[in-house]
Each structure stands twice: as C-alpha cells, then as structure tokens.
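> This is what each chain is made of:
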Amino acid sequence: MSHSENHKDKQPLLSLTGIQKTFPNGTVALRGVDFAAYAGSVHGLLGANGAGKSTLIKILSATFPASGGDQVWKGKKVSFSSPLEANKSGIATIHQNIPLVPTLSVLENVFLWKERGWRRNPQDRVQFDDICKEVGYRIDPDDLVSDLSIGARQMVCILQALSYGADLIVMDEPTASLAKEERAIVYSTVRHLAQQGKGIIFVSHFLDEIVALTDEVTVLRDGQTVMYARTSEVEEADIANAIAGKTVGTLEHLREVRGTIRDEVVLQCKNLASPQGLAPTDLTLRAGEVIGVAGLLGSGRSELAHAIFGSDKQATGKVIMHDRLMGHSPRQSVKAGMALIPEDRDQQAIVPVFEIWKNNSLPYLDKTAKAGLFLQRDVEMEWAERAIEILNIKTDSPETFVTELSGGNAQKVTVARWLFGDAKLIILDEPTAGIDVGAKADILALVRKLAADGVAIIIISSEFEEILAVSDRIIVMRDGAVVAEREARATDDQELILLASGISENDVANAAQNKGTHHA
Amino acid sequence: MHNSDWKRHFGLREAGVYYALVLLMITLGVVTAVAGRPPYFSPINITNILYQSSMIAMMGVGMTVILITGNFDLSVGSVAALGAAITVGLAGPLGFWAAAVIALIACAMVGGLNGAIVQMLGINAFIVTLGTLTAIRGLVLILTNGRSLIVSTPEAKAQMVLFEGGKIPIQMLLIVGGILLMLWFGWRFLRARSNGEAVAVSVPGGIVAGVFLLLVALWGGPELTVAKPVIYTAIYTAIVWAVLSFTTIGRRVYATGGNAVAARLSGVNVGAYKMAGFILSSATAGFAGIMFGSRLGAVNPTALQGAELTVIAAAILGGTSLFGGAGSVIKTLVGALLLFTLTNGFNILNLGANYQGVIEGTVVVAAAAIYTVGGTRRKKAAG
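These protein sequence lines map, in sequence, to chains A and B.
The numbers in the first sequence follow the numbering used here, run straight up by one, and end at 1119.
The numbers in the second sequence follow the numbering used here, run straight up by one, and end at 537.
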C-alpha cells in the first residue's frame, strides 16, 4: 500500500524519499527511508533501538543533514541548514530529553526562541492564551519550569512548538518517562492538534498507544522503511513482527518456567521506610523467587529498590540478607551478594569514559585482579566476551565505548556485569524501559534463568505484562506504599493497572467513553 | 577495530602533548644553533629545565589525580607555602626530618578539611578550595608574622642540603631503566605475538621510551647529573602512574570521576576515593613545599603565589579532563616540561619576559581547544 492511496486528493505536508545517512565514522544509520506526513493525521513511527528513528528525526529537525535522498516540504524541495530554519518553516521537533531552561518561567520558555531585546513582552501572554486554547490545555505561564512535573514540561514543549506556528510536530517518545495520567493529557492533546489540521509524527515504543492514537504507522528496521499501513488495518502483532523482523514469541512461554522457589530465605525487610517516599514496608524473598513490583512513576518503586540496596542513606528499618543485618552502604550490599540495575541507565549505571570491558568488570573488579589489586586485562576481556555472548550484545568488540551502543545493548551491559559475582539477589529497576522488543525478551529470559539457578529477583516495571510473565508474586505500589500483593497466576493486567493507578471502575468506564468521542 | 584504536592513541587528542614538546624542543634546538645563542641541547640546560619544572610537575601529578576523581584543588600553592613555612620554621628546634613530617601531616590535614567540606556539605570543590587558597595563605602570614623565615641552625640547614641539594649522576640509572623497559615491553610483545593477540598500544611506547633513555645516557655521558627533586618527582610520578594504570584502586579512581553515581551503585566507595584525592593533592603540595623550603633554607610568606595556576595549566596541557574520569600523570609531567621549556626558550633566546605570559596562555587554550574538538568525535551513535 502506498501513501497516496490513503490520502487521495491531498498533498503531503512533508515527504521523504530515499533518505540516507552515513556518519563520518562510517556508521550507516539510514539506507533509504520513504516517509510522508499529512495534515490532520497522526503518523506513528516505530522501530527497534538502532533502527534509525532518532537519526531520521534529527534529519527532520535539521540537527544534521541527510547524506542522500529528497525532502519535500509543502511541495518544495528543501534542505534546512539549522534547527531554527526548520522551526521557522513550520516543523517543530520535541526531543526526548526536554530542552527547557529550568530557571525560567513557562512563558519565557515557550517564547525563548524569539530574538528581540526585551525579556518581557505583553503580546506573549495573549499569544500564550491563544495557544493554550488551541491545545485545550491550561498551565500557569508564570510557573517556574523547575517546579513542573515531567509531564507538564512535555506540555510546555508542545506549547513552544505551537508558538513557532508549526504545521508539523515531531514527537520523539513523548510518553516514555510519563506516568499513566500524564500520558492521557499528551494523548488528548495529540488528537486535538490533529483535529485542528496539524500533522503529527509520533515516535513510541509502546505498541498499545500507537494503535490507540495514530492514523497510520511506519516501521523502520536497519535504516529502511519496512512497513507502512493505516493503523486501523493492521494488528498489533503485525507491527511487532515488522519491528523485530521475525515472529516474536510472546512472553507467554516464560510463565511455564515459573515455580523455582526454594525454602531458603534470601532477603527480609522489616519496616523498611524512607523520607524519600516509602512507607514502612515488609518483604520476604526466597531463593529462586521472582517478585514483580507493579507501580507507576513516583509510586515509591525505585525508592524501595534503593532502600533495600543501601544506596538511600535516609532509609530506616531493617534489611536482612542471609541473616545479616545490612547497613547503608552499596559496597557492603554488593559484597553480601546484592545487585542493583538502576532505572536511569546513563546517569546511574554507565561510566561513559569506559569501554564495555571496563564497565562490565566494575562491580566485581576485585575478582578479576591478582590478589584483588593488580588488574588482569585478559581476565576482564574474557568476562566481557562472555557477557557479550550471554546477552547477545551487538558490538564489534569489548573495546567499544558503551556510549556508542544503542540503548538496548547498553542496557544489556548494565545487566550482564552482575552475572560474574555470584549475586544472590538482583534488583532490576525498569530494565526494559526504552529498549526494543528483542533486547527485552533477552533480558526477561535471563531473569527466569537466574531464578532457576536460585537467585532471588525483584523486578520493577511499568509494563505490567512483563511482570505478569516473569514473576511468581507481584506487589503493587502506589504513593510510596505497597497497596496489594497477588500471586502472578491469580491476577491480570487489568487488575494491576486498576490497583496501581487507583482508578475506580467508574473512572475507567468514563475514560473509555471519552476516547470514543475523540475518535468520532 | 584495533586499527582505529591505534589511530586514537596516536591522534592529537591522545598524544598531542608529546608532539608539542618534541616540536618545541627541535625548534629551540635549531633556532639556538642558527641564531648563535647558547645551545638549547646542552646537558646543563636540559637538566636545568628538569630541575625548574620538578616541583610544579610533582604538584601536577597530585592535581591530575584529584581532577580524575572529578574534583578540583585551587589551594595547592598556599598549601605548598604552608609546608615550606612549617619545615623552615620547625627545622631549627626539631630537626629537619621531624619538621618535614609535621609539615606533610599538616598539609594532608588541609586536604582532609577540603574534602570533608566538599563531601559532607556538598559545596563545589572550586569554591571550597578558593576559600582555603586564601585562608591558608593567611595562615602562612600568621605563622611567619609576615616576614621571611630563615632556618635557624646550621645542622638543620645541612640536613636540608642533604635532602634537596647536590646532583646525582644518572647515566647508570638511565641505562638500567632503559634496558628494563625494553626487556619488559619486549617480553610483552613476544607474549602477545605467541598468543596471537593484538599488541597493546603501550608496548611500542615502552620500547621507544627505553631506547630514548639509552640514547640520552649515551648523549649525556658519565657527567650527566640531575638534582634530587627531579629524582623524587620521577619516582613519585612512576608510583602514581603504576597505581592508576595497573591496580583496582586506579580503575576505581577513574570510575569515581567518570560517573560517581554509577560507581557507587557498583559497590565503589566513592566517598573514600574522592576524599583520598583531596588528601593526596594537598600532601603532594606539602612535599613540594618541603622541597621549596629546603632549596633556599628560607621561605617568604608570599612564596608560590599563583603556583596553582601553573600546576593546573600543566594538567590541562596533559589532557586531563576538568569533568573527571580522564587524565594521565605522565602527560601532566610532559605538560609541565612543555611550560618550562617555553620559559627556558624565552630566556636563552633573550626574547623578553613580557611576551611570555601571552604565549603560555595561548598554548594552554590551544591545547584545550584541540582536546575538546578532538573529543567531540566520541559521541553517542545515533539510531
């Protein structure tokens, strides 16, 4: 099916043909991408990590030029030389990491791009009100951006995009770090904008939101367009297959290997609490058991992880690991056999100046060294090669810098490095956020395999199907407290969402109705 | 991929400071010969440069370590002056060695104080050490009562001369060192070949260094001597380099500066490593101060004012990152040599000291520019 069949009489706002990109270091990111965006249509752009989505977006936003191919904008062939030029022509890009100035107000951020002498301008307020009306979202223009939630900041970016008078808005994973309620606001804004005749390109890893939100989808793989379709005419599974390039087995098979729980108690938490946002919590975990923590952003799930691991200095209560009372020291925790794969890969897990092999040996460096002191490069190299093999990390060599890997592969490095030290308890905090389907499956399969070997596991995720597939027991967190505990086989996605978001049955029904009216 | 590895190691970003020094030395050698000035390449001139740069170079080594851990130390000049003042002041009543030990401990304690304030209160190291820079200078003024101090007994003066003065013939040392380097790296080369592994970049570097030492020994002859501070700096640099390169301690120092949160969550005692960086930097400055005080047997309360800037310049010339996680003490040493070779060049060419500041400042900024521009290539791959 071609683009023109779907939009019979209309000319596309933007059309790309045969876009190629080769980086100076020889990496080929795009090998010929065809893509078109139409006014009034939400176009989903999908692809695994490393498929070329980010590169394509950077070409659209004129962060760097394409190496080949044609870009046609409103009927004219163009080649923008700077992001500002693209903005002024009507293409606004909302990048994944939100580029706002936290110390300035909402109003000042929205009109930051304007070049003029005065810091304050009364017309701005009028225009701001107009934009808010256009979007159907209201925010105090005088609030400091630093005081806003991530979701609200995302909305400020959208307002900024509209202040350029953008006709095409490119959104790079706008919902990746948002909680469910905040996502709903973004969704309704996107639909609203499309109704107003704006073209939207919506990049996401979440298939469900792509299916619910978009009018058409394009899937990239290995730098090429491999699928284009109207969203209403495809199944979720077809999209998933196109992304992965093979038929993805569902996570179902993981359920069959559950039940590896042994008698030995590995971890006991008694009245574990933290002023960071964790109410007193008790928890017991046995060898070979996988506990899933279902909770949204800000539910206290990461606070629980850090309190157990000892990296939260203000935590109170007891953490007992193998009958030993633990202190507030990650070093002691690692020695006692704990491992934490933190939520924020770049900030909390990876040392950017280190290659894969150095990152890989960081937690158990002593074991690679002679007498725990003298480094042995060959041992470290061997470990790194094993890590690459075990988790199927795609790289030329252990000497590659982790920052040069795609997100999924970098994440695998942060998981793999804990496999060399005989860890008895592994805590994974959102191990699959923002990574592709294949990497996700690899990591989840590893979790079950480790459990079978007798490792106790706590896995935190906002994708509840994953938790359902991989856990023996699930605890649900909300507002810093455990609100429910379920056997994994006795619950489902629906129930977990309800418990975690605290929505009553009525609200859910209403939400469904709202969605119906939007589509109408 | 090993190909690109080699390219990286010999590129401007990694090896620029070596090229700069070699280039400068050749230029000075040619210009002095052509212009009929006193020769640059004379054993006396070269050993002079080594002597003049030794103190700054030693402080640079400590500075490099603290920069690698992601911190900063502006107080080294004042701390070195404190070390010198304590040594000179107490050498009379207590004897030089006891005075030196007390000076070293006092200076290490200043480092501990810097570190404690930075770590416990979370104040930026730049601000804290700017404060101690001023405060410790004030302490020196108090201790010396604003006047020059002179060592009070001839016995103490003699001990100082024993510690700092005199020259050591180094021909044998160079020959032994050169042969050891060549044997060690030659063995590594053969082992890598027989195991079918790629040869590490340090191997040819080590062999070249060995050959270089032998050539210097040959050129200098048996009269080739250096002052004791040069030996101290060389030994100290070698020890710090070995610890940073070959031990788990070194790896963790780099990890601490590279990403402190990640290092902590991987079980590295980040607080201790950062603290150790401060203490090492100040103790090194203290040792340099002891050398300085012993050189003249006297100390002036404004001594070594501004030395911290030269020390930092040497570290930056050596490619040490101000953001932590990267740096090499050997290259800092070369950076210090580069700065003092420049000064020396101005002197023997009689160019006038007025131009010196302009040139030195330009060199530092140019070096930083090369490192920054060369560093942008290693960004996250898109996709």
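If you are wondering where the hints come from, they were derived from the structure by calculation, not from laboratory data.
All residues carry an ideal CB built from backbone N, CA and C; glycine is no exception.
Some hints could be false.
In silico contact screen, one side only, chain A against chain B (beta carbon under 10 Å); selected entries [as the list claims (entries may be wrong)]:
1. Val825
2. Met826
3. Tyr827
4. Ile919
5. Ser960
6. Arg976
With beta-carbon atoms standing in for the labels, derived distance ranges [what the hints assert, rightly or not]:
7. A:Arg923 with B:Gly276: 50 to 60 Å
8. B:Ala352 with A:Lys912: 56 to 66 Å
9. B:Ala352 with A:Lys969: 48 to 58 Å
10. A:Asp746 with B:Asn454: 33 to 43 Å
11. B:Tyr172 with A:Glu863: 32 to 42 Å
12. B:Tyr173 with A:Asn720: 32 to 42 Å
13. A:Lys912 with B:Met326: 27 to 37 Å
> Each hint needs a verdict: does it hold in this structure or not?
The hints, checked one at a time:
1. Evaluation of the Val825 (chain A) hint against chain B yields a violated restraint, the C-beta minimum of about 15 Å exceeding 10 Å.
2. Restraint check, Met826 (chain A) versus chain B: the minimum CB separation of about 18 Å is more than 10 Å; hint violated.
3. A hinted interface residue such as Tyr827 (chain A) counts as satisfied when its beta carbon comes closer than 10 Å to some beta carbon of chain B; here the least separation is about 20 Å, so the hint is violated.
4. Because the beta carbon of Ile919 (chain A) sits about 19 Å from the nearest beta carbon in chain B, more than 10 Å, this interface hint is broken.
5. For the restraint placing Ser960 (chain A) at the interface with chain B, the shortest Cβ-Cβ distance is roughly 8 Å, inside the 10 Å limit, so the hint holds.
6. For Arg976 (chain A), the suggested interface contact is upheld, since its CB lies about 8 Å from the closest CB of chain B, less than 10 Å.
7. Taken as a hint, the range 50 to 60 Å is violated for the pair Arg923 (chain A) and Gly276 (chain B), whose Cβ atoms sit roughly 31 Å apart.
8. About 44 Å separates the C-beta atoms of Ala352 (chain B) and Lys912 (chain A), a value inconsistent with the hinted range of 56 to 66 Å.
9. For the hinted restraint 48 to 58 Å between Ala352 (chain B) and Lys969 (chain A), the CB-CB distance of approximately 22 Å leaves it violated.
10. The given range of 33 to 43 Å is broken by Asp746 (chain A) and Asn454 (chain B), whose C-beta atoms sit roughly 54 Å from each other.
11. A C-beta distance of roughly 57 Å is found between Tyr172 (chain B) and Glu863 (chain A), which places it outside the suggested range of 32 to 42 Å.
12. Between Tyr173 (chain B) and Asn720 (chain A) the beta carbons are some 53 Å apart, a value that contradicts the proposed interval 32 to 42 Å.
13. Restraint check, Lys912 (chain A) to Met326 (chain B): a C-beta distance of roughly 55 Å breaks the suggested window 27 to 37 Å.
Checked against the numbered hints above, the structure violates hints 1, 2, 3, 4, 7, 8, 9, 10, 11, 12 and 13; every other hint is satisfied.
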